[in-house]
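> Sequence:
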Amino acid sequence: MTVQGAIVQPPVIIGNEAYVSQSYADAEAQKLWPKVWQVACREEEIPQVGDFVTYDIMDDSIIVVRAGPDRIAAYFNVCRHRGRQLTEGCGHARKLVCKFHAWSWDLDGNNIGVVRKDGWGDSLKDDELRLRDVRVDSWGGWVFVCMDPDAPSLADYLAPAAAMLDPFELDKMRYRWRQWLHFPCNWKVAIEAFNEGYHVAGTHPQLTKYSPKPTWSDGRGIHGVFGSQAREGTGGATAGAAGAPDMRRGLADSLNQLWEEVNGTTTQTMVRVANLLVEELPEGTPPQAVQMHLMKRTVEEDARRGVHWPRIDPAHFAAAGNVWHIFPNTVIIHGPTFALCYRARPDGRDPNSCIFEVYTLERFPEGQEPKPENLHKPDIDEASWRKVLCQDFSNMGAVQRGLRSRGFDGLRPSPVEERAIINFHRVLADYLGTGAPQPID
Numbered sequence: 001m002t003v004q005g006a007i008v009q010p011p012v013i014i015g016n017e018a019y020v021s022q023s024y025a026d027a028e029a030q031k032l033w034p035k036v037w038q039v040a041c042r043e044e045e046i047p048q049v050g051d052f053v054t055y056d057i058m059d060d061s062i063i064v065v066r067a068g069p070d071r072i073a074a075y076f077n078v079c080r081h082r083g084r085q086l087t088e089g090c091g092h093a094r095k096l097v098c099k100f101h102a103w104s105w106d107l108d109g110n111n112i113g114v115v116r117k118d119g120w121g122d123s124l125k126d127d128e129l130r131l132r133d134v135r136v137d138s139w140g141g142w143v144f145v146c147m148d149p150d151a152p153s154l155a156d157y158l159a160p161a162a163a164m165l166d167p168f169e170l171d172k173m174r175y176r177w178r179q180w181l182h183f184p185c186n187w188k189v190a191i192e193a194f195n196e197g198y199h200v201a202g203t204h205p206q207l208t209k210y211s212p213k214p215t216w217s218d219g220r221g222i223h224g225v226f227g228s229q230a231r232e233g234t235g236g237a238t239a240g241a242a243g244a245p246d247m248r249r250g251l252a253d254s255l256n257q258l259w260e261e262v263n264g265t266t267t268q269t270m271v272r273v274a275n276l277l278v279e280e281l282p283e284g285t286p287p288q289a290v291q292m293h294l295m296k297r298t299v300e301e302d303a304r305r306g307v308h309w310p311r312i313d314p315a316h317f318a319a320a321g322n323v324w325h326i327f328p329n330t331v332i333i334h335g336p337t338f339a340l341c342y343r344a345r346p347d348g349r350d351p352n353s354c355i356f357e358v359y360t361l362e363r364f365p366e367g368q369e370p371k372p373e374n375l376h377k378p379d380i381d382e383a384s385w386r387k388v389l390c391q392d393f394s395n396m397g398a399v400q401r402g403l404r405s406r407g408f409d410g411l412r413p414s415p416v417e418e419r420a421i422i423n424f425h426r427v428l429a430d431y432l433g434t435g436a437p438q439p440i441d
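All residue numbers for the sequence shown refer to the UniProt record's numbering, where the first residue is 1 and numbers rise by one.
Please keep in mind that the hints were generated in silico from the structure rather than gathered at the bench.
We put the beta carbon where it would ideally sit given N, CA and C, even for glycine.
Do not rely on the hints blindly, as some may be mistaken.
Each computed SDA-like pair below joins lysine to any residue, with the alpha-carbon atoms no more than 25 Å apart [claimed, not checked]:
(1) K99 <-> D51
(2) K172 <-> L154
(3) K296 <-> V278
Computed Cβ-Cβ distance ranges for the label pairs, DEER-style [to be verified]:
(4) S123 <-> R406: 55 to 61 Å
(5) Q48 <-> D379: 31 to 37 Å
(6) R404 <-> G119: 50 to 56 Å
(7) A102 <-> K371: 27 to 33 Å
Start from the sequences, fold in the hints, and give me the full structure.
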């Protein structure tokens, strides 16, 4: 698909209430977050029975716990006695104990202890004391939770995104690094900084050395996707070399730049192989041949160290795009052995603040998977976040401030390269009952 040949949808305008309105933020707590499937953690965060993660979203808190070797459970994080939350953060527990009055539950959510229970006579019923279940399911190595018993299954909810991403075997990837911070913008501003590629030339000009990197974009069900027109078989990382007069040097420049300025969307193996292209291939080698050589050599080098690439049909690889926005708040930049992911959540009920997380996933040799901490990095500088993310952060804060201006009357997203954003707001309007994109007269 090319920008010139894309089917252009009618232009729309989108109001700013979804980003700045307190009433809209309050409505999300009732109409959005309790109704959707959302990422709570990765399975690797709770590998042993008794490992748990506390997932907080607006007014609700959920315990996600490994209840058995092959079973993950989720419960509302609240004591059935006086309402105290049972857990904070992550940890390990043989049972869940309230620190207020020492009521306790087993990992299956059954109450197993009430101090001096005889004081209630026979009025405390087991089913009334059980922790309230939250729906939980897994896909791609992520653990999703949903508070709505009437919502569709996770498999139905993720369609068609899951089918497009399944061949990349994201479940076989593990964390390489993880970071988060509180950021002064709405969670949707944060997500929309990464679910379109139209911004690259303006925000990251150093990444467009050889090409302006035009993109295609679309809504797929409730989700969104975009891709570079120059995507080839080694991941979106290679698109930066499109148009290079010497593809050997272009790929080496592009991949080294991504490794240094993003710390993601490529791997050390791919960078090392790219650095040898000038030695291994003669000048004048056709660009496609250089690309294929890079892929072949990277696959070989990875195999030597025990990392095996998934088999992905080239047509599927191209159709899968570069980046998927999983509604409502997760963005995945995917490759054959790596992924760069973003998650943004409301920071309480403040429409002008969010909790923003970034992490990379990668395939590792068995037994060599790192276990990085989720580091709080409040300082926005290149030492903490690298150059590309700092450039994105500069937009996020400035956009949030601009959205509150009396001089701003609405978003005018590109009907070609920002169609995923348009779709995002259509889906939000389905849940919230307001804010649908409107045709521009």
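> Assess, step by step, whether the Cα of K99 is no farther than 25 Å from the Cα of D51, and give holds or violated.
holds, 18 Å
> How does the Cβ-Cβ distance of S123 and R406 compare with 55 to 61 Å: does it lie in that range?
Check passed, 59 Å falls within 55 to 61 Å.
> Just to be careful, I want the Cα atoms of K296 and V278 compared with a cutoff of 25 Å; is the pair within it?
holds, 16 Å
> Tell me if the beta carbons of A102 and K371 are separated by a distance inside 27 to 33 Å.
Holds: the Cβ-Cβ distance is about 32 Å, inside 27 to 33 Å.
> Range first: 50 to 56 Å. Now tell me if the beta carbons of R404 and G119 are that far apart.
Hint holds: Cβ distance 54 Å, inside 50 to 56 Å.
> Using the C-beta atoms of Q48 and D379, is the stated range 31 to 37 Å upheld?
holds, 34 Å
> Quick one, are K172 and L154 close enough, alpha carbons at most 25 Å?
Holds: K172 and L154 sit about 19 Å apart, inside 25 Å.
Taken one by one, the earlier hints all hold for this structure without exception.
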